[in-house]
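Protein chains: 2
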Amino acid sequence: MNKKAKTAISPTRTEDYPEWYQQVIKHADLAETSPVRGCMVIKPWGYALWENMQRGLDKMFKETGHRNAYFPLFIPMSYLEKEAEHVEGFAKECAVVTHHRLEPDPETGGLRPASPLEEPLIVRPTSETIIGAMYAKWVQSYRDLPILINQWANVVRWEMRTRLFLRTAEFLWQEGHTVHATREEALEETYKMLDVYADFAENHMAVPVIRGEKTAGERFPGADMTVSIEAMMQDRKALQAGTSHFLGQNFAKAQDITFQDQNGEVAHAWTTSWGVSTRLIGALIMTHADDDGMVMPPKIAPAHAVILPIYRDDEARTAVLEYCHQLRDQLQQQAYAGRAVEVEIDDRDLRGGEKKWHHVKRGVPLRIEVGPKDLAKDAVFLARRDTGEQSSVPRQQLVDQLGSMLEQIQQSLFDRALELRQQHTAEISNEADFRSYFTPQNAQDPEIHGGFALSHFASEQDVQPLLDELKVTIRCIPLEDNEQPGTCFLTGKPAEKRAVFAKAY
Amino acid sequence: MNKKAKTAISPTRTEDYPEWYQQVIKHADLAETSPVRGCMVIKPWGYALWENMQRGLDKMFKETGHRNAYFPLFIPMSYLEKEAEHVEGFAKECAVVTHHRLEPDPETGGLRPASPLEEPLIVRPTSETIIGAMYAKWVQSYRDLPILINQWANVVRWEMRTRLFLRTAEFLWQEGHTVHATREEALEETYKMLDVYADFAENHMAVPVIRGEKTAGERFPGADMTVSIEAMMQDRKALQAGTSHFLGQNFAKAQDITFQDQNGEVAHAWTTSWGVSTRLIGALIMTHADDDGMVMPPKIAPAHAVILPIYRDDEARTAVLEYCHQLRDQLQQQAYAGRAVEVEIDDRDLRGGEKKWHHVKRGVPLRIEVGPKDLAKDAVFLARRDTGEQSSVPRQQLVDQLGSMLEQIQQSLFDRALELRQQHTAEISNEADFRSYFTPQNAQDPEIHGGFALSHFASEQDVQPLLDELKVTIRCIPLEDNEQPGTCFLTGKPAEKRAVFAKAY
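The listed protein sequences correspond, in order, to chains A and B.
In this text, residue positions in the first sequence follow the working numbering: the first is 1, and each later residue adds one.
In this text, residue positions in the second sequence follow the working numbering: the first is 1, and each later residue adds one.
One or more hints might be untrue.
It does not matter which identical chain is meant; a pair holds if it fits inside one copy or across any two.
Unchecked claim - In silico DSS-like cross-links for lysine-lysine, where the CA-CA straight-line distance does not exceed 27 Å:
#1 LYS356 x LYS62
#2 LYS356 x LYS137
#3 LYS137 x LYS26
#4 LYS355 x LYS137
I should point out that these hints are in silico values taken from the structure, not numbers from a laboratory.
Quantities reported herein were computed from a predicted structural model and do not represent experimental measurements.
Whenever a hint applies, use it, and build me the whole structure from the sequences.
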């Protein structure tokens, strides 16, 4: 992958993929670890990316009839206990608030917790139980349904091994929580939001995904069905990028969400929940970044282009800067994907090379350099971040073609990612091939294996021991192109569907 | 204030102001209390208002050079201890996380906290200490300055007596945190952000404010100077609507935020912080709402207008609804204050009166009713929420004048609020007048008193006993029109400035 003598990120992907990931985040200035165990600091460049992702998703949520609201950060411990599978799933990773005051500690001279709470509070790991308690009050009649609410919030899951964006104790996310009168409507909502996520991943993030259903063992704790979108990272591992849960009547029964139907009879409602998080930024990095750093898809890039003025003396400086400002104004009058184009001018007093690499590492889609010679020709030096292509382009041509150039970049990032997934996806139909597919072929490169295996299987229990041995998981049972029955790759039993098997984040 | 026989909100403001406030929130569907002590649920209509306020403020922050980022929810207890006054100010109202797991409790059959943390974590009441710890790492040289970062977040302060929006255990806010090389720059930033807040309050929320400096006793814990904006509510009490703190070098010294200056010498930096919160919604309600419910200023209203189709039979229904949809499309092509006009159509199957009052109580600026007779005239029945004025208006005239109507409403809300404040502000120069001003004149109406007193004072200590007796506070020392020296209203000592004295939320 590394054609240049020297790359901006060291190690490269092939040298040490996990460390490369951390270094991209560092050099692109996206985030860093904080002194608080497992909690990250999202830096301005990373947060601007998240804001653009939020804006895109929020628009889609509103277009599908949802509205935002805000519910408490804390959940009484007793609420979590109401749904048995749910508490089982989250009890081991809860931050628990037990006191509400600090007092001087005579022993240490410092402080200590004082005033114990009557009931401990859990910092929300997800909000089904607290939101459900409100819905139980709000829902009386079929006229109150459906309830279609989303919340943008922070949540906490006390992870022991953390990794920036992918797995942190605190993360940012959105969680949709809906209530419906019928099973059919709730199922429709579950799939609709999965489609919204797939649309966003593919058309905004340029990340191709497979939509599928989770097996019983991989479901959200308390759900009847979980569907997800799964993406392939450049190391061929899978990353679950969003989930949508059909909760059946489980939470409605645990929390007494009932309504009077049109015949005057009281029934339990049907609920769903669905979420994506800052984990998506991890998916974005591992899909598009390269050995020179981050590569931002134009639709969600914090800036579409950066202009670097180049000059040696004050006289040139004035003329070049004026030209750059005019150019920026012209470019910013263009729109791309419904958003005014955003252009930065970097006129900091730094060496040209240092500046250039700064923006390469941060992944700005287009880099525009303007020096006295360009000015004389009324042209600019233009470089594409995704391909590295560079050329001299007349100013007016750049202005006229800016939108289509950005669209080309967006499309080519998607195509490249899809090609990678297609290259590393195989239909596997027997144990020997399956073992070999997930066994690194090169002892020096223990991370690299086949990729996604598409295999029929009859029972989760049957295959689990082999999966544990190979550190492989069932990612999902794809919803599309999955009509052909066959036989289980391991047991030979008849099997209706294929699943995607993969190593995963 | 109540001219009608019956009001939509009961009690009215004059009958029971505090209860009126709660009822407005309830009937306007803005928020409600949650089962978690002191935490509120912000409902979709209230949250949409907050989103509009966020959008307006965020734009102003970005225009003044700030960028958003995100820092951890948790603060290690030892961090809070670093700044002595700061911990003193917040220790009594902290939510403390002490455990990170739940386990079955054999005694109760339920759960109990397990796995104590090595060091307790505080749920952030404000983030100076955790953000400062990051800044200490980021700032090395004068070239790294200034740092101009804002965060949108939830914070927790364990309040004993809570009230929706005004005082809740958890609330939403923004907190700006900046670092500067010089005292002058940090002071300039402190005042600049105060001006941004005043601009937002007056020109977006239509809430007139007084900009002023807090006395030593009312400063933010750890600050060298706090400036605030203060607004008068309809019960003549003051509400602090935003604060900006000049932190001097206090936090920089406590947290070791140092930099090498242009001469190569190491110096402590100068920091500021500034914030506004969902408390602003409380200010908005108590400034504009009336005995029929909420009144939304158009610039931040979740919807500018609502169209109510009126018909008795199916034939009329089709024609009326088609007309209403065309009208909405026409109106939504208009813009007001840089935002496309938002128009709802309410065609729910409810009685006309019920529907009308629903939108009156929620405070939609314009109500448009369309029935078969209006349609025949190509006109609509139009009602202004702020004044109650109503008239038949030709459709095209409504479309043409929509923007200027909304601007009129916005301006008239501001004017009305300013007039109230002016009516209830007096210059008071002796103790007898001061006592009488803050003593209710009518035994049946213990809440009503004079309002804001503008009085010279020489020393906070001198006046404090009287203020405690009367339950009055020094709101601020106004920055404008305050050049005239005088003598303290209580002691007669020479005094340079006047302060605003008021009862306050």
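Cross-check of the supplied hints:
Taking the shortest alpha-carbon separations for LYS356 and LYS62, only the inter-copy value of 25 Å comes in at or below 27 Å, while the best intra-copy value is 39 Å. In the homo-oligomer, the alpha carbons of LYS356 and LYS137 lie at most 27 Å apart only across protomers (24 Å), although the nearest pairing inside one protomer, at 57 Å, exceeds that limit. For the homomeric pair LYS137 and LYS26, the shortest alpha-carbon distance between copies (14 Å) is at most 27 Å, but the shortest distance inside one copy (47 Å) is not. Taking the closest pair of Cα atoms, LYS355 and LYS137 come within 27 Å of each other only across two copies (22 Å); inside a single copy the shortest separation is 57 Å, beyond that limit.
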